[in-house]
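Chemist: Put together the whole structure using the sequences plus the hints.
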Amino acid sequence: MIYLWLKAFHIVSVTVWIGGMFVAAIAVAALSASKSLPGAPGRGDLIGAVRRWDRWATSPAMLLAWLFGLAVATQGGWFGARWLMMKLVFVVALSGLHGMLSGTLRKLARTDAPPSPASGHALPAIVGATVVIVLLVVVKPL
Amino acid sequence: MMERRTMERRTMAPQQVMEDRGQMLRMRTACLVEGGTLILLLFVAVPLKHLAGFPDAVKAMGPVHGLAFLTYLWMLVRMVSAGGWSRGETIKLFVAAMVPFGAFFSARTLTRRAASAATL
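Protein chains in written order, with the numbering used here: chain A, 1 to 142; chain B, 143 to 262.
No lab work stands behind these hints: they were computed from the structure.
Predicted model only: the values in this text are computed from it and were never measured.
A few of these clues could be false.
What the hints assert, rightly or not - Pair by pair, the computed Cβ-Cβ distance ranges are:
| # | chain 1 | residue 1 | chain 2 | residue 2 | range |
| --- | --- | --- | --- | --- | --- |
| 1 | B | F236 | A | P41 | 33 to 43 Å |
| 2 | B | G225 | A | G42 | 22 to 32 Å |
| 3 | B | M160 | A | P41 | 18 to 28 Å |
| 4 | A | A57 | B | R168 | 11 to 21 Å |
| 5 | A | K140 | B | L167 | 36 to 46 Å |
| 6 | A | V134 | B | G225 | 30 to 40 Å |
| 7 | B | H192 | A | A49 | 46 to 56 Å |
| 8 | B | R250 | A | Y3 | 43 to 53 Å |
| 9 | B | V188 | A | A57 | 30 to 40 Å |
Said to hold, decoys possible - Take a look, some chain B residues computed to stay more than 10 Å from chain A by CB distance:
| # | residue |
| --- | --- |
| 10 | M160 |
| 11 | L212 |
| 12 | I233 |
| 13 | V241 |
Using N, Cα and C, we set each Cβ at its ideal position, and we do this for glycine too.
Modeler: Below is the structure:
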């Protein structure tokens, strides 16, 4: 029973985390567009709102996804399974990407410097990693 | 419009300085927690396992250090992505996290940065 609760909270945390990463990635992509000038009206408000969401929802959700995920793996005895080890690689990569997006938003809020070119690839990378993770967890091909 | 922007910069600057300083101090805490758990793992838990036959210490400390290490790395990626750190400094902060007592050198660097942010 506790296993199902842990799994449910893990899925809720992951949903909020990935949703927040999409918000951050879309904001970074939009603000990188040439039309978004540093002094454009509403730019600061947009960055502020996305950063607040990132700080109070997305980042805590990522931490909870990790904690509940580790608890599910321990409770279910999944450690050592190849699909889980493979999944962890993608989860670490997603976490790193989230850190990059979070830092880029901070840079955008502070200076007029353009974000790093890698930020443009964030959206497809999130979609790709999410697809691979879901397939690994549901189908368990390895 | 120009006047408004100048005023915004004047009012934002101290806030940004405080944010920078706060970030460095949080980063220093994460760095010390990571370094502290590494020392406990290597110099307390591992000897307890091999010399005293008490493997539970490693079983407990291993995941704690793992989480502390991942948290520190995540914060490092975020801090470096925000700009202001050279490649050399980034590599030093990364490598020091994997060396016992290396965290103390990183903590010193972060304290220095926090102090310089406060005096801007």
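Chemist: Now, for every hint given, state plainly whether the structure supports it.
Modeler: To see whether the hints hold, each was checked on the structure:
At roughly 40 Å, the beta carbons of F236 of chain B and P41 of chain A sit within the given window of 33 to 43 Å. Under the hint 22 to 32 Å, the C-beta atoms of G225 of chain B and G42 of chain A, about 23 Å apart, fit the expected range. Evaluation of the 18 to 28 Å hint for M160 of chain B and P41 of chain A yields a pass: the beta carbon distance comes to about 26 Å. Restraint check, A57 of chain A to R168 of chain B: a C-beta distance of roughly 18 Å satisfies the suggested window 11 to 21 Å.
Evaluation of the 36 to 46 Å hint for K140 of chain A and L167 of chain B yields a pass: the beta carbon distance comes to about 43 Å. Separation of V134 of chain A from G225 of chain B is about 34 Å and conforms to the stated range, judged on CB atoms against 30 to 40 Å. The hint said 46 to 56 Å for the Cβ distance between H192 of chain B and A49 of chain A, and at roughly 53 Å that hint holds. Our hint of 43 to 53 Å for R250 of chain B and Y3 of chain A holds, since their Cβ atoms are close to 45 Å apart.
V188 of chain B and A57 of chain A have their C-beta atoms about 38 Å apart, which keeps the hinted 30 to 40 Å range intact. At roughly 13 Å from the closest C-beta of chain A, the C-beta of M160 of chain B stays outside 10 Å, upholding its exclusion from the interface. Interface exclusion of L212 of chain B from chain A breaks down, the closest Cβ pair being 7 Å apart, not more than 10 Å. The beta carbon of I233 of chain B sits about 16 Å from the closest Cβ of chain A, which is more than 10 Å, so the claim that it is off the interface holds.
For V241 of chain B, the requirement that its beta carbon stay farther than 10 Å from each beta carbon of chain A is met, with the minimum near 21 Å.
The structure fails to meet hint 11 from the earlier list, while all remaining hints are met.
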